[in-house]
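The task is simple: from the sequences and hints, build the whole structure.
Protein chains: 2
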Amino acid sequence: MDFKEVVNTRRAVNLFDPEKSVEQSILRELVETAASAPSGFNFQPWSLIVLEDKEEKLRLQKHAMDQPKVSQAPVCLILLADTQGWMAGNRFADRNFDEMVKTGAMREEKRDWFNNLCQSLYGTDRETGVAFACKNTSFFAMTLMLAARDMGLHTHPMDGFDKKGVKDEFNIPDRYWVSMLIALGYFPEGGHMPEPKWRKTYDEIFVNFNP
Amino acid sequence: MDFKEVVNTRRAVNLFDPEKSVEQSILRELVETAASAPSGFNFQPWSLIVLEDKEEKLRLQKHAMDQPKVSQAPVCLILLADTQGWMAGNRFADRNFDEMVKTGAMREEKRDWFNNLCQSLYGTDRETGVAFACKNTSFFAMTLMLAARDMGLHTHPMDGFDKKGVKDEFNIPDRYWVSMLIALGYFPEGGHMPEPKWRKTYDEIFVNFNP
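Protein chains in written order, with numbering that gives the first Met the number 0: chain W, 0 to 210; chain B, 0 to 210.
Since the list can't tell identical chains apart, any single copy or any two copies may satisfy a pair.
Here are the simulated lysine to aspartate or glutamate pairs, EDC-like style, with alpha carbons at most 20 angstroms apart:
1) Lys162 with Glu126
2) Lys166 with Glu126
3) Lys163 with Glu126
4) Lys53 with Glu168
Just so you know, the hints here were simulated from the structure itself, not pulled from any lab data.
Here it is, written out as structure tokens:
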């Protein structure tokens, strides 16, 4: 699909065809397309819990303001952002350094320098780790929502849930920030597609604090 | 451009043609395309400082590990994430509520209920406000990077900068989190385009903490 058409036809839809499941091969292609998103130093601090079973989706729904789309959508994703995804000792962070050395982008002797740089950028307090994790996980999530549209699917990203409830229910380790839920599936034939909502214009987005 | 081609040809490039500027009409179209990104309750807590003047870009570069691309790119964007973008009294948050009432998505009597909900989701501590701001600003930033590619441009998102230095230099109010810098411009003819970096596979992204 043309890029502009993908962007212009994406909506946060409230209806999903409960009879139309998302094939495993489609889900894999979608996630691996989303994984091409950039991230700070390529750390890719994103993980997914994929819920397809009705009972599991209902377990999530009760922590998500009982929104029906959580269980009506054939797939509901819990997006986890690893606040320690930059840290030496983290499986993917260590692999990332090794890959940089392998491609010649980094030298092995710079390992301590690099770890200290990341510590200063992402590890000075809890906020910087949360910002790192959420920022990059949203690059992944946004690419996933657009890729879904390109593949004929629709999505609905959700913030309305109890973070602690979801973490406890699904046994999620503390270092993850539950950054959002995304309902995923096919829009039902004959359903009413919502109109685009208002948006800030260029002049409203542009700021300048020069005295 | 086809969506998959946009995704597959996006790279964080280190080279920009310093002779090829970005027309104002292109920049406006780019930003307004990016602004179609979703956000929690449509709060759109993103703002941009747009630097095109060489002296201004050099003022930024000295806080960004002296990375040459900051001033070589014809445009360098400072992305600001409003940690209070959900809060009653915030200009755009108030407008957003009014727009919801206007379209029938919300009733005026629910104003206090809605403000309390947002307070519980985004205002319980500094972390939740930072997560809200960074998460949504990355939806905007990711759409901007892909839209840039669709329009023949390239980008480089940057984390390597001193947040406090940038805030002081550009007089940025405290409520904003400086979420990233993005260098924007045209890739030079004959330049060496980097290969895609390694990515986590579906099986590496998928997690399950069930006992």
